[in-house]
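In case you want the letters, here they are:
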Amino acid sequence: MPEIFIDGHRYEFEGEHKVLQFIQDLGKEVPFFCYHPSMTAPANCRQCMVKAGQYMKSRETGEYEVDENGDRVIRWFPKLQTSCNLMAADGMVILTQETDEQVKRAQKDNLELILINHPLDCPICDQAGECPLQIQTYKYGPEGSRFEVKKVHKPKRVQLGPRVVLDAERCINCTRCTRFTQEISKTHQLTITSRGDKNYPTTAPGREFDDPYSLNTVDICPVGALTSADFRFKARVWEMNQTPSIDITNGKGTNIDLWTRDNLILRVTPRFNSEVNDHWMPDAGREAYKIFNENRISRPQQKLDGEKVLSSWNNAIATLGEQIEDTDNAKIVVIASPHASVEENYALSKYTNLLRLNAPVFTSHIEEGTGDGFLLSDDVAPNTNGCRLLGFKELDKSAISKEIQKAELVIILNDNLVDRSVVSADQLKDKFVAVFATNNSETAEIADLVIPITTAAEHAASYVNVDGRIQRTYRAKETKYTNRRIDLEMSEGRLDRYGTNFDNWVTEDNKIDCMPMWEIVNNLADAAGLDINFKDGREIMDEIASSVSNFSGVSFAAMDEQAGIQLSIKKETSTSK
Amino acid sequence: MAYEFTKEDLQEIETIKAKYPEVMPATLPTLWVAQRRFGHVEPEVQRLVAETLGLPEAHVHGVANFYTQYYKEKKGKHVLDVCTCLSCQLCGGYEILHHLEEKLGIKAGETTEDGTFTLNQVECLGACGYAPMLQVTNDKYVNHLTKEKADELVEKLKSGEELEYEQIKMPQHKNI
Amino acid sequence: MSTVDWKNYTPVLLPDIKDLHKIDVYTKNGGYKALKSVLTDKKKWEGPKAVVEEVKKANIRGRGGAGFNAGLKWSFMPPADGGPRYLACNGDESEPGTFKDRKIFEYNPHVFIEGALIAAYAMEITTIYVYIRGEYKTYIDMMEKAISDAYDKGYIGKNILGSKFSVDFYVHSGAGAYICGEETSMLESLEGKRGYPRVKPPFPAQKGLWGRPTTINNIETLSHVTGVINNGAEWFSSIGAPTHPGPVLYGISGHVNNPGVYELPSGVPVLDLIEVAGGMRNGKKLKAVIPGGSSTPVLRADQLDGITMDSDSLRTVGSMLGTAGMVVMDEDTDMVDVLWRIAHFYHHESCGQCTPCREGTGWLEKILLKIKNGDGEVRDLDLLLDLTTQMEGRTICALADAAAWPVRFTINRFRDEFEARCIKKAHAVA
Ligand SMILES: Cc1cc2nc3c(=O)[nH]c(=O)nc-3n(C[C@H](O)[C@H](O)[C@H](O)COP(=O)(O)O)c2cc1C
Ligand code: SF4
Ligand code: SF4
Ligand code: SF4
Ligand code: FES
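Residue numbers (my numbering), protein chains in the order written: chain R, 1 to 577; chain S, 1 to 176; chain U, 1 to 430.
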């Protein structure tokens, strides 16, 4: 097998590897800026310099040549090489900054040059704390500056488009952003303009950078040159906790991170998953942070004499229990939801099954024209396939209407059926409507009983995307009834480790008075004398895996390990284009 | 749209496209066609070029802004590009530049109020042996400049006279 | 040191023939004979490879500045696979001090066209582009005419001279960018993009224009091919300096009486060349010479004794032949001004793609401006020298090297003058 020697260690490899990527995959480091694994390598930042050479092999014997001391003979490349575009070769010898002074010096020299025209804005720069330039300058850069002449000035605070702001002085010309619009989103909206040290990225004059994927450029910009218009100046990176999650605004199941401070989600960024979204996500999904913070239903609500009033949990549970008991089973329709997780749907169905109510039905949420052949599908619900694999009956709009027409009690799991015009408010008028919901909506508005449930940011649960991949969320924020200090599954931020108790997570108002669906089911079951005792999403998934064959082999641990698990779905059920 | 190519322009652009296996290579020559037609390649013109070729506007913009000969804004009727690079510097290029600045009452990079002249200081034009020299509006070279010759040139251009191509004879080496 | 017999040399690229640029005059004077020979004389030329071999033997060292053996470069082209292959002729001619290729466009375009066609045949090229800097509008028009004449006469196009060889030949105009003379930047510019040099590998012979095999040669280099085919490799390699043979178009500018382009053998003594150009202007003394375009290290007058215009000889005093565009400076020349102006040029022309060049060229210029204005300090000189090492050999293309060398060598060779400028200020302030 071909071998390569990096800083004196021998590694075997197969196939084609760029040396920089190879080193990173080993968990080691060479500083870099312009390289991005999903795009072409222009090798323009010149930061990733290494010393490269080749052990000489004898033509005849194929053996390594040795010198008089018995050491292998190395032929060094005449110049230092950029490792990002250097292909690993058999017998290659690489020295990084760890072992070679010349490399160390070259990297330092390069950082000095990058910094001469860079405005040292770190204290007011959004990127600070997660800035490759800042980090690498600390690690590999020069102390002080020898630059005593005038810096180049360029446009600042340029609104490139509705969502992206440019500070051209911070730009280091890595061309990641322009390459993104050329190679990934293919809108070709960005170019570098001008020449030499006047270079900076821009759109065509009078044009907006309204690329539906524009915010990815903010993520990949290695400095604070591109910032999110929405997130700008909202929070310092080190004040936030980062929690893995899944985009619930589309069926694609883009892997994301939720960034939380004081129980508010402040931003959403994509999380790498080679099987789903690579490094990217659509701008649309980033707006979703608002649904976790705003317009939430906090505390159960009940309609009394046509007036919505807040209710107690006990009262709400008792009311629903009574309604079910008082209604003919045949007149109860239970509507499951592609907008709720597998576990929530399962918990509800277990309860209604034990009560021998009609099996849950659901209707998919398709918005024609949303799909773009990339990371958006026409199916805008995160778990349509989850409902299908649980064996729920899928009904179209008219069939659902018919079911509702027959019913006296309508139980709806988090699905805004009125808002999305599946049923009209009129159709529901004379019925008792109970909804489990996360956010205020027209549907919740007309309901007689509203029971607030957790969002994907508040529970750990699974969703099956349009391609049949099951993936899960983690708890990113607290509810009234949870405590991060004792919930070891919740992520820790820098302030948790290094701050005081007063630094963050102090605003009670930001905690929503809601519960995970399965806990509500526990209470409902309890009231009905049934034996259901769900602990958390993890346990429910274990139960599902053992009782529903479509999910066999699925567990939180397995999903974590494999970045989601591909389930087998019927091809035609996939709506991704 | 304010700017439009004529039928002849469009024909020329088709001829240009035929030289290459793809459309993008036509970017530079088409910008030239546009500049000859409109006198500049302001953003509106860049957009016309992009639309005509079916290429992204940002691409055309980036290209137009990389190359110094494209006028990204309107210039004077005559653009005097005075070379001050190495050999011209040695042979008095800056004196010519400053002389013209004084004569036209503008600084390098500016346009006279009446819009007749734009004066620029430019990099080596490949006429080092005939220094100091300047180029008029991306076209004729005027070599071996003296202040007098510069004055004459300004008058000539003002009067609307066409410039002649100044041929420079091949010097044959003499045996020494 | 060998002495080159240059005094009895008769020009071959730019001979004294009236109206040679006209195709009829050119053919009347033996033009297109070489092309006819390689295409039709199967006894003499067994095929394309034989042409490559002959050119390799002649050792035409690239006249674009790098001095690489043209035939050897041609031999790097992979075997033809039926797909398109390109020859890109480099007429960007933008290195300060260089103004020679334009003479070929003007006075003998067909010797270049013929040479390019032979190269195309030798490498089984399907399309030739000649990239000419946009400022040479006059010469672009002349070349368009010459090429169209050659099409009309059947030297370009389908089945040239009845052979199986077909090729197209187009002019592509630049638009103001020195960097487009760098071969891969030129390819980008030909592809209609910003002139950002490409990272190598892959080399153009593997992946050039539109990802296809491509060779890049300078205009003068290709023009010499015609003579090599007509007169043989030996004829060529016996002219001038043995390791850098053949005729050279010397462009002489600066403080001489008769500046201009002179065609002479390689290896002419530098001091003789100044005499060829009429000697020093106004009877001034020689101070310094930049031998081959602004990027080649400057030489002091006292370094020039016995030095000849070829790479080996120039190397002994720490310089290069480059483009053979020689800039002559007299005793009144202010080296600080000159160096600042050169630095300004490279700063202006850096494409800005890679860090050391984008940032370094500007920094060099700004420090030099400070020194020129009398605000410099001696430590700035050492900073300048340090910066040159931070730029050299660390970039995508050689522009950064070209910017660094003049700074390093001008300061080293005229250190007193630079220090004096710095010190004067120090005293004035005190
Ligand atoms: C910054 C830079 C500018 C260059 N400019 C020119 C040029 O104007 N003309 C030219 O022929 N070669 C130029 N070259 C050299 C070309 O890259 C290339 O080596 C040459 O065209 C090859 O032709 P040759 O081997 O026939 O010399 C330049 C190189 C660099 C690095
Ligand atoms: S981009 Fe990075 S280094 Fe620059 S100011 Fe912002 S945080 Fe600091
Ligand atoms: S804005 Fe950011 S991503 Fe774009 S070129 Fe500049 S540094 Fe790179
Ligand atoms: S060295 Fe300079 S000119 Fe060459 S690619 Fe880098 S920035 Fe551009
Ligand atoms: S990461 Fe290698 S040059 Fe930028």
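I should point out that these hints are in silico values taken from the structure, not numbers from a laboratory.
Treat the numbers as computed from the prediction; the structure is a model and nothing was measured.
Among the hints, a few may not be true.
Output of the computed footprint for chain U on chain R, the stretches with three or more beta carbons under 8 angstroms from beta carbons of chain U [claimed, not checked]: (1) 252-262; (2) 510-520.
Derived DEER-like restraints, expressed as beta-carbon distance ranges [said to hold, decoys possible]: (3) H40/S <-> K284/U: 38 to 46 angstroms; (4) D121/R <-> F68/U: 55 to 63 angstroms; (5) S552/R <-> A80/U: 55 to 63 angstroms; (6) R494/R <-> F68/U: 30 to 38 angstroms.
Here a beta-carbon is modelled for each residue, glycine too, at the ideal position from N, C-alpha and C.
The hints, checked one at a time:
1. For a cut-off of 8 angstroms, the count of residues in the stretch 252-262 of chain R with a CB near a CB of chain U stands at 0, and the three-residue condition is violated.
2. With a cut-off of 8 angstroms between beta carbons, the stretch 510-520 of chain R has 0 residues touching chain U; three or more are needed, and the interface restraint is violated.
3. Restraint check, H40/S to K284/U: a C-beta distance of roughly 44 angstroms satisfies the suggested window 38 to 46 angstroms.
4. Range check, D121/R to F68/U: about 46 angstroms between beta-carbon atoms, so the 55 to 63 angstroms window is missed.
5. Hint check: S552/R to A80/U, Cβ distance near 58 angstroms, so the stated range 55 to 63 angstroms holds.
6. Taken as a hint, the range 30 to 38 angstroms is violated for the pair R494/R and F68/U, whose Cβ atoms sit roughly 56 angstroms apart.
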